[in-house]
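Asks: Protein chains in written order, with the numbering used here: chain A, 1 to 207; chain B, 208 to 485.
In short, the hints are calculated from the structure, not lab data. Any given hint might turn out to be false.
[Stated by the list, open to error] Dumping the calculated BS3-like pairs for lysine-lysine here, alpha-carbon to alpha-carbon at most 25 Å:
#1 Lys276/B with Lys108/A
#2 Lys454/B with Lys38/A
#3 Lys118/A with Lys454/B
#4 Lys108/A with Lys484/B
#5 Lys108/A with Lys454/B
#6 Lys402/B with Lys108/A
#7 Lys38/A with Lys456/B
#8 Lys271/B with Lys56/A
#9 Lys98/A with Lys149/A
#10 Lys38/A with Lys309/B
#11 Lys183/A with Lys454/B
#12 Lys334/B with Lys38/A
#13 Lys454/B with Lys132/A
#14 Lys372/B with Lys38/A
#15 Lys38/A with Lys330/B
#16 Lys38/A with Lys98/A
#17 Lys343/B with Lys484/B
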Amino acid sequence: MRTLTRLVILLSALPLAAAAAAQTHKNDRNAEAFAALKASFAAHGQAGMDRLDQDKTQALCSTYAPHAPPAKLASPLQTANRDSVKYPADGKYLGDWKRGQAIAEEGKGKQYSDDPSKPSGGNCYACHQLDKQQIAYGTIGPSLYHYGKNRGRSEAMLKLTWSMVYDMKGYSLCSAMPRFGSKGILTEQQLKDVMALLFDPDSPVNK
Amino acid sequence: MRAKTKQHMFWLAIVVGAASSFTASLVWAQAATPADPVAQYRAMFGDDNPADLWVMRGQDLWQKPRGPKNVALAKTCDLGMGVGKIKGAYAHMPRYFADTGKVQDLETRLLTCMVRDQGLDRKAILKNRFGDGDRKSDLEALSAYVVDASKGIPISLPMTHPEEKRAYAMGKAIFYYRAGTHDFSCATCHGQSGKRIRLQDLPDLANANPEAQKTYTTWPAYRVSQGEVRTMEWRLGSCFRQMRFPKLKYGSEVAIDLTMFLAKNAEGGEMAAPGLKR
Chain A
1 MRTLTRLVIL
11 LSALPLAAAA
21 AAQTHKNDRN
31 AEAFAALKAS
41 FAAHGQAGMD
51 RLDQDKTQAL
61 CSTYAPHAPP
71 AKLASPLQTA
81 NRDSVKYPAD
91 GKYLGDWKRG
101 QAIAEEGKGK
111 QYSDDPSKPS
121 GGNCYACHQL
131 DKQQIAYGTI
141 GPSLYHYGKN
151 RGRSEAMLKL
161 TWSMVYDMKG
171 YSLCSAMPRF
181 GSKGILTEQQ
191 LKDVMALLFD
201 PDSPVNK
Chain B
208 MRAKTKQHMF
218 WLAIVVGAAS
228 SFTASLVWAQ
238 AATPADPVAQ
248 YRAMFGDDNP
258 ADLWVMRGQD
268 LWQKPRGPKN
278 VALAKTCDLG
288 MGVGKIKGAY
298 AHMPRYFADT
308 GKVQDLETRL
318 LTCMVRDQGL
328 DRKAILKNRF
338 GDGDRKSDLE
348 ALSAYVVDAS
358 KGIPISLPMT
368 HPEEKRAYAM
378 GKAIFYYRAG
388 THDFSCATCH
398 GQSGKRIRLQ
408 DLPDLANANP
418 EAQKTYTTWP
428 AYRVSQGEVR
438 TMEWRLGSCF
448 RQMRFPKLKY
458 GSEVAIDLTM
468 FLAKNAEGGE
478 MAAPGLKR
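Work out the full structure, taking the sequences as your base and the hints as a guide.
Replies: Following this line, the structure appears as structure tokens:
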């Protein structure tokens, strides 16, 4: 009887042990990469060596890439990212679409070669179609042409879009899209201006 | 020299064109056929590649005795094919070198030869690692000369030494490492086919495929926008800057491991460098 229990325990533990081994192996890959990176870079301009450190989201996504991490590990982080979103203090989501257009066009910001005293760009055009007149747009993200026109401007839609631009990793943990709010790339005012680009009826995005 | 004149003419054409259309420059960016500098360059000057000048200077640097020890690289430097042999050398790198006990890419191997065999000053060489007009880079010229001798030869890496295998595995891990203010890894932009940033097509460099071959086999390259020949060390440093990482050290482990990963994914592709790029 005792041997049987032991056998059962042993057998049920086997897949666990295997999973743990795979886990360690994968974590090691990322940890080893980190060590190599630390030895291969030098702080320069505004980009300090701390830029190489990973937060939990970055570490989990890197560890499992090119595959998605298991939902069990991903969903708590996703929730935490979504909870980190700060909504505009005055409750107003929309700024000036013209300034938003300039922010969406601007690719500079946060590189070691960039002037840290200047505001960063959002570079939305690098990955998205927005204004139909601008044909130099990237395709990593979906087209945002007619974004507001198609979705309307309900409070719920504004809030949802704000939180996605603020932290897309609250919706899709390993998204290619930077976390413009959470990572301090854009200021609250810049986020409002970009929101206006997406929603203002006069914005070329909705023409 | 012909190529150099052409290079100047090209820039003159651009400057004149830009001046006359200065006020219309906003419209320009929106034109139906976007300006492709490489296509423009070819339309004006045909298939000549100004990189030929770098190849010629590199040949000189390779063959003439230089440095405090007054020896020629052609007489001392082993790029993996035997002393002085350059044919096919680039197509079989990065690789493990027993004398240094390290996996090296072409640039770091050249550096070893120049410093150890010729007695040249490492710091002085690295100061000019990226040429800029009259301030010429010996590393870029030598690289152009050496890769030119691999034209038509398929990439094939030894990949027998454990250190070579380790470099490849590490290169892959680094390729997927996300960090920084923008959460970027190489895979964010180069992990799939058919995508672009603005108008620049993004090759899939994550797996062995024809795009990875076409990309790797055309580096080092003459960059029209810079008027310089650049090597893979420069290309990687530039992409890391866009990723908002700190500055990649020249010849660092990360540069070599990533190059190993990219080269492996390009295996079978025939070398066609120096290339001509935007």
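Asks: Each of the hints needs a verdict: does it hold here or not?
Replies: How the hints compare with the structure:
1. This hinted pair does not check out: Lys276/B and Lys108/A have alpha carbons roughly 46 Å apart, beyond 25 Å.
2. For the proposed pair Lys454/B and Lys38/A, the alpha carbon gap of about 11 Å is at most 25 Å, so the pair holds.
3. For the proposed pair Lys118/A and Lys454/B, the alpha carbon gap of about 20 Å is at most 25 Å, so the pair holds.
4. Among the hinted pairs, Lys108/A with Lys484/B is consistent with the structure: their alpha-carbon atoms are about 22 Å apart, no more than 25 Å.
5. A distance of roughly 16 Å separates the Cα atoms of Lys108/A and Lys454/B; the hinted pair therefore holds under the 25 Å criterion.
6. Taking the CA atoms of Lys402/B and Lys108/A, the gap is about 21 Å. The hint holds against a cut of 25 Å.
7. Between Lys38/A and Lys456/B the CA atoms are separated by roughly 11 Å; this keeps the pair inside 25 Å, and the hint holds.
8. With a C-alpha separation of about 54 Å, the suggested pair Lys271/B and Lys56/A falls outside the 25 Å cut-off, and the hint is violated.
9. For the suggested pair Lys98/A and Lys149/A, the alpha carbons sit about 17 Å apart, so the restraint of at most 25 Å is met.
10. In summary, the hint linking Lys38/A to Lys309/B is supported, as the alpha carbons are separated by about 19 Å, within the 25 Å threshold.
11. Using a Cα cut-off of 25 Å, the hinted pair Lys183/A and Lys454/B holds, with the two alpha carbons roughly 20 Å apart.
12. Proximity of Lys334/B to Lys38/A is assessed by CA-CA distance (about 22 Å); at most 25 Å being required, the pair is judged to hold.
13. Taken as a hint, the Lys454/B and Lys132/A pair is broken in the structure, with Cα atoms around 36 Å apart against an allowance of 25 Å.
14. Between Lys372/B and Lys38/A, the direct Cα distance comes to roughly 21 Å. Compliance with the 25 Å bound is thereby established for this hinted pair.
15. A C-alpha spacing of about 22 Å is found between Lys38/A and Lys330/B, which places the hinted pair at or below 25 Å, so the restraint holds.
16. In summary, the hint linking Lys38/A to Lys98/A is not supported, as the alpha carbons are separated by about 41 Å, beyond the 25 Å threshold.
17. As the CA atoms of Lys343/B and Lys484/B are separated by approximately 19 Å, the hinted pair is consistent with the 25 Å bound.
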